[in-house]
Amino acid sequence: MNRPLRRIALGVLILLGVLLANFSYIQAFQADELNSRNDNARRLTQAYSSPRGSIIVGGQPIAYSQDSKDSLKYQRIYTQGPLYAPVTGYFSTVYGSTGIENTQNDALAGKDIRQQFRRFFSTSNQGKSAGGNVELTIDPKLQQVAAQALGNNRGAVVALDPSTGAILAMVTSPSYDPNALASHDRQTQVKAWETLTKKKDNPNPLLNRALREAYPPGSTFKLITAAAAIDKLGMNPNSEVPGPAKLPLPQSDNELPNWDKTQCSPGSDTTTLIRALEHSCNTTFASLGLQLKAAALSDEAQKFGFNSTFEIPMSSVKSSIPTTMDQAFTAQSAIGQQDVKATPLQMALVAAAIANNGTMMQPYLVSRTTTGGGGVLSQANAKSWGEPISDQTASMLRQMMIQVVAQGTGTKAQVPGFTVAGKTGTAQWETGMNTHSWFVGFAPAGEDEQPTIALAVFIEGVGKESTDPVVANSQPRAAPVAQQVLAAKLQ
Amino acid sequence: MSAAGYFSAAKPRPLSGLVLLTFAILLSISGWVYTDIVQRGSLPANLLAYTAAFIAIFAATHIAVRRFAPYADPLILPVVALLNGLGLVMIHRIDTGRQLVAQADGDQAPTAMAITQMVWVGLSLVLVIGVVFALRDHRQLQKLTYTSLIVGVLLMQLPLVPGLGQTINGARNWVSLGPISAQPSEAAKLLLLIFFAGYLASAREMLTLGGGMLWGIRLPHARSLGPLVVALFVGLGTFVVQKDLGMAVLFFGTFFVLLYAATGQRLWIFIGATLILLGGALGYLAFSHVRVRVKNWLDPFWDTQDQSYQIVQSLYAFANGGMTGVGLGRGNPRLLPYSENDFIMSLFGEELGLAGLIAMLLLYAILIERGLRTALIARDDFGKLLAMGLSVMFALQLFVTVGGVSRLIPSTGLTTPFLSQGGSSLVANYVLVALLIRISDGARRPAPQPVGFHRLSTTTAGMVGPAPVSPPPASPPPTPPSPPGPVNPPPTPPRSNP
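These protein sequences, in sequence, are chains B and X. Just so we're aligned: 203 in the numbering used here is position 203 of the first sequence, and the numbers increase by one with no gaps anywhere. Just so we're aligned: 322 in the numbering used here is position 322 of the second sequence, and the numbers increase by one with no gaps anywhere.
Note that these hints are calculated values from the structure, not bench results. As the structure is a computational prediction, the values presented were derived from the model and not from experiment. Just so it is clear, CB atoms sit at the ideal spot from N, CA and C, and this is done for glycine as well. Careful: at least some of the hints might be erroneous.
To be verified - Selected chain B positions facing chain X (Cβ under 10 Å, derived; list incomplete): (1) L16; (2) L290; (3) K293.
As the list claims (entries may be wrong) - What follows is a set of in silico ranges between Cβ atoms, one per label pair, in the way DEER data are often shown: (4) B:D32 with X:R266: 29 to 35 Å; (5) B:K191 with X:T111: 31 to 37 Å; (6) X:I115 with B:S378: 47 to 53 Å; (7) X:S30 with B:E311: 45 to 51 Å; (8) B:R368 with X:T116: 51 to 57 Å; (9) X:A109 with B:D67: 19 to 25 Å; (10) B:I14 with X:H289: 48 to 54 Å; (11) B:D32 with X:A359: 21 to 27 Å; (12) B:S308 with X:A109: 54 to 60 Å; (13) B:E311 with X:F301: 40 to 46 Å; (14) B:Q379 with X:P110: 28 to 34 Å; (15) X:A359 with B:S68: 34 to 40 Å.
Said to hold, decoys possible - Every beta carbon over 10 Å from chain X, so not counted as near; a handful from chain B, in silico: (16) R6; (17) Q189; (18) E240; (19) D448.
Okay, chain X solo, but in the shape it has when bound (with noise of 0.2 Å):
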């Protein structure tokens, strides 16, 4: 599987990504329609209104992709799209419920929050845009290491600061100013990445050819890894006090497996592991809530009216899902705590069953191969260590709170990406996105002639890009080289990105 000259020839093509793009907010618009249908028994109201701002908001995204980074993977922003579309509609029929419930029972209508999320989807689109247009290389970034560690562990204090911090479910993570309120960590764990990515780049060779070995790993001289030790201990003291242990995982886990990657020393994963279940045991003596969680994990039965309510529900959610669902807006949100964030696992689970779990877990998989792709491909360490920690951080994240809502671990309290409601992570999660797309743009361009100075990685074994390019002059994106690769040469295009 010699990826990597095969890939990263690839030709700007418009009309797949478009084509998916398409397929994506259809069967994201029929998924609404279906679901006021079956519970209203009526069309959505102002379904015109919003189909357009629905489709021109993505339709602008896609434009502003095709314009800014012709390159990048076709793939990426139709599958995000479809998750955030699935998501909304699940949000919306949430909504319904609780308004047919209100209106049954004489209540007061609750808000929207479908609308408040559109909202959020249109802006983070807007952020899409704007990184892919602003930042015109991902390069940039890696100038930025340092500033991005010290505005990543600010940012992180900022839950911490009295009249500010809010405590939300035993974590102490949010931060409100009046009507806003937000996750500041859901920011600060993609600037603390840049750091990662930014650092390891650069002190790759010092951290690999440094001091004395020590039962086989090759440790590092104290001066290259002193700021990383001090960036994570800032950064792990922080989670502890905030007591977000997802976080904590989700940091820690990208963290090592960057040094892995970084080092190619399997040592460090080994040691990141022993740090979590570290971690994890002393959490599980220092705070209530991590006990009850642990305590639910093992026996979800043993308080089903109270302590383990909600991972019990959740369990029936999926049971009663079975095979292959109750169908769209026929499940049971209303005994289902938080349904619309850290369970929305559960009710798809219950309303698409099997069948749409496997879909939606296969659109994840696309998704963080795609990144895991960008970064086999990717021309320079930097690019390379960054897409593969957006890739690693996402999945880790989808492991985190999908493992979390089916007991497969215990639950740590992390929103599911693009499917769950909420702003914030929203808006990291896109924006983690436009990073992948810009460092894919990169990453398949054709080599620029000159060869570039940057051009780092070339020494490991083969596996990066093109080798240096043969001259026909080049020209951007009409007519990209074919690569010079012997064994893949592959002027037809339609087979070679599916």
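Looking at chain B on its own, in the form it has when it is part of the complex (with noise of 0.2 Å):
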């Protein structure tokens, strides 16, 4: 009877076998993926069961974890909900995390290695600050401002240090209280969340409008169109180039008409570039789109940034510029209309290339992560991302934007006492409806002054388009938006 027993015995120590090798591959090769599923709410309630870091702006926390006296043990806290919810994101037992809160998550939870290590030998956890903290660019006064100057408008404001790429201020309007969504009562989660993301009438507060929806970027696209004429073409400022009322659109129909359906230079077809884009000619800059061609049109977006996507460490969608276009549409494109699509976020890159003498930079929230007893885990180093465009061209262009808001459209913007260089921008995005409005600029602006702040306002347009020039007319603008930001960061 030995030998089937023996080969029981095999049997038996195969099943086992089974048994671990099925461990094995859950636990060393299954885990990240499962551990990572959105139904997984294991993380974050252990997450909510030790002392979870804070993120700070300016020194002062704006989330942070306080004792809980129910059965999480900790409470997240959002000093100012609203105001940084853009940045923190939200960080729910039920509904998952986005924002700091979630890019940053290893630091905020204590699982950076660094971290680890300290705690394993550490005798016990209990009360000890497990996750680290970390820092940001934010400047508390910029970001308040821009948010109050924003006021009900939906809409997003994106500031940032034109020589660092670091972000001051990133402002998104409607907002929402990550308060409600970090509540350790599920009913409570729940009811925000559906208030949140109803179906209908819904402003969609969740929606970051600085990095995650990208807009027609109207005129403010004349900057980029302007840099391809000055690298592509060989133009500066002086250069006379079309200004007629209207621009017949080839292999169509349809006309191209000016703004304010007049001449850019009055009495003549002609005009020079600085004084379109003072005044934003639309014939100009479409024409010059026509000269371009799409290819070199979309090069020089790209080389801005179009059609690649930034983290910050959050991931912007991408701004879209087609390469392949015909030359209606071209036309339109250069004008920042039809197929040219951009976050504000690209916009206020664009802004501070231009600042920054043609080389742009990396754009960045987290200055640093530290553990809980102050140790630095990681600083955030300034990196170029690409030189969009050489030094003489930016200081041509950064000459041509100092004029729009000297004598242009831009003069909402000015600041007593600074030289603040800027482009406006107004957006249709669709027939019969408010525009979109933007601006974007960057200050000081003066000659041998190095710009500290570079921005991109943008405003939603909302509802029908009235009739009524008054009215239509009274539609908010960005420029003074920006205006009393750029007066924020510079008196």
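Take each chain as given, in its own frame, and dock them per the hints.
Now the structure itself:
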């Protein structure tokens, strides 16, 4: 009977081996995938049961964990929830996490390898701060001013330091209160979520308009068309360019008019590049687009970051421009309509690249991460993203943008005592609807001055356009918002 | 690997067993203290009292085993003590977690399951002592072959008695009488095993030398097969009516493995496997809870919030544990339903990680391997078949439960031996171990001098025991005769029995 017995012993051993192999597969190979599944509340619940690190702006925590008296142990608190929600994101046991809470989870939860090492050698983790802190580049004063200036309008403000890429303000409106989504009461979370994501008449407060949505950039895109004209057609601000009241579009029955239906330089069908930008002449830039052709135009835009995503560390959506278009579409795209779409972050980067003498810096939000005890885990370094334009091109564009604010369409962005460079934009996104309003710019922009702030302000057009010109003209505009933010930084 | 001569020469080795048992007890108590420090930040209340009680019951068992079964394999009890100790630690840890939650939320504290379980451990060990004391020779059980069958079958019918039976999780396999509830199938599985072993030991030759051949298998006479078939169908029928498929698989699997062992005909294994698959398919068609379990196995993420919640949470627990685990007392039993029962292995996986699971599987492997080795060296057919049946049944139960919670196979709802909370299963498994200890003692005891008439199995190819022993007058414990086998002269005991 011993022969079958030995076989049976071997069989039993194989069964145990299969169990072991299965455990190894789950715990060593499948674990990451299982841990990152959306419906896995385990990591979040665990994160709630130990103190999570703080998110810090200007030395003050804007998100931190507080000892709660209930079973989840730690309550996440956002001191100025709606103001910083576009940055912090939320941290919910039911709906997962977004923003810095999501992208910096390893540091905040203490999962950074160096923090784990320290904890391994500590005898007990009871009451000790397990998580690390994340310090942001945000300037609280600018964030506050930008949010107030934007008010109840739908839109976004992105401001950054052009010489480093550090993001100084990122506001989107409407915002939401992440405290409700961090509630330990499931019902409170569910109710808040349902309000935020309801289907009907929803301004979509969870959408980060600065990063996660691309809009037609309108006339602010003329900066890129101008840059291409300088680089690729050898122009300068005083070059003579076409500027009729209307431009017939090739391969089409349509005509493209100037916004005020007049010639750029009264009495002439030509004008200078500088005057065309100052008055935001559609016909000039549309015809420049036709001269450049689709490939050259999209090449210029891609050098500024179109068709790329940015990780700040949250990832942006791509700003887009097609690489091939027919002539009519190219002309429309050259003035920032039709197939061109840009995020407010992207347009702020265009302004920043011009401000920084043609070098575009990688945008970032996290200045450094530290352990609970104060040791530095990581420190941001300013990095160049690329050099879309030359030094000379940048200085010509700066010269023209100063004129825009000094005596062109952007006068509302003037800050007394400082030179401001900028470009306005009005973008049609659907016929008969109110237009989007843009402003991109930087300051101080005087000769030999190093600009300390570059920004993009975007206000979404909402509702039907009024036929009454008074009402239509009283639509909120971006330039005054930009003025307040620039003034707050400069003064 | 001529293990037979080697191992049957065992000396009583009181020290190694004691050292290992002390280690197992120390490890269990440290685990207990550790979870309280992690969870409450303080030493457990009643540390000394419980430690003393824990040591006392295992020490008493150890002494009883040494006294009444001195040659028994010294590894069995320590391994069981460690597994059971770990189970108690985990149940206590779940208790503490629930108490802390209740305290924080201002609810009433739930009753401590660990204390009840501790009482069951005590009762089980008393039973172990009783078995090794009262049952001096396992062959006594062979005389109870048919009694076991009748009592076993009757026990299995108990849950079907109206007013007594209870349906839990789709299976009607519990009885409850007042405050006491029990799973009679746990006791029945042992009794039926005794019947199988006893019956096959005596009918073995008739089974192999029986009637005609069919597809290369020698069909036994209907006369000798009859009682077996009857027992099998009564058992199986009961399980189907009770819808307890885990137990049916266990029962069937063990039965066919025993049949293979007794006859040496491999076809029995295939027949058994086919019948299990067939039964599974019929169960799938007949019972909705089986269909759900199969669906959860094939695609665990189809209904993560409801139907497949348990298996998904179990997988998440394993994943969260990763290689080294999150640490004892730091997992999430609140997210894991039945973490003290069917899913206790998932919680071990989360808190101790792959490293801990490997260690625990090795403990189980040692136990099963010692059982099978006992079968290998047992001197009589009944002892061989019983020891093997006990080990195989134990191994199958482990495979079915642990494989079920880790999505290797569809889950069937059996308890994890020695870890899960629950009295019936614990008592049955301890009796199983007591029987193994008893058979092991008989197998490793120096051969009695006048060569016994019951040593039937020497016919099988020199595998068994020392050949008829050369005559130094037998004296039981103190000076066991050295084995005469030419190959393995091991008078140096420490190496011979690692």
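Checked hints:
no.: 1; hint: L16; in the structure: holds, 5 Å
no.: 2; hint: L290; in the structure: violated, 54 Å
no.: 3; hint: K293; in the structure: violated, 50 Å
no.: 4; hint: B:D32 with X:R266: 29 to 35 Å; in the structure: violated, 42 Å
no.: 5; hint: B:K191 with X:T111: 31 to 37 Å; in the structure: holds, 35 Å
no.: 6; hint: X:I115 with B:S378: 47 to 53 Å; in the structure: holds, 49 Å
no.: 7; hint: X:S30 with B:E311: 45 to 51 Å; in the structure: holds, 46 Å
no.: 8; hint: B:R368 with X:T116: 51 to 57 Å; in the structure: holds, 53 Å
no.: 9; hint: X:A109 with B:D67: 19 to 25 Å; in the structure: holds, 22 Å
no.: 10; hint: B:I14 with X:H289: 48 to 54 Å; in the structure: violated, 29 Å
no.: 11; hint: B:D32 with X:A359: 21 to 27 Å; in the structure: holds, 23 Å
no.: 12; hint: B:S308 with X:A109: 54 to 60 Å; in the structure: holds, 58 Å
no.: 13; hint: B:E311 with X:F301: 40 to 46 Å; in the structure: violated, 29 Å
no.: 14; hint: B:Q379 with X:P110: 28 to 34 Å; in the structure: violated, 49 Å
no.: 15; hint: X:A359 with B:S68: 34 to 40 Å; in the structure: holds, 36 Å
no.: 16; hint: R6; in the structure: violated, 7 Å
no.: 17; hint: Q189; in the structure: holds, 15 Å
no.: 18; hint: E240; in the structure: holds, 66 Å
no.: 19; hint: D448; in the structure: holds, 57 Å
The structure shown violates the earlier hints numbered 2, 3, 4, 10, 13, 14, 16.
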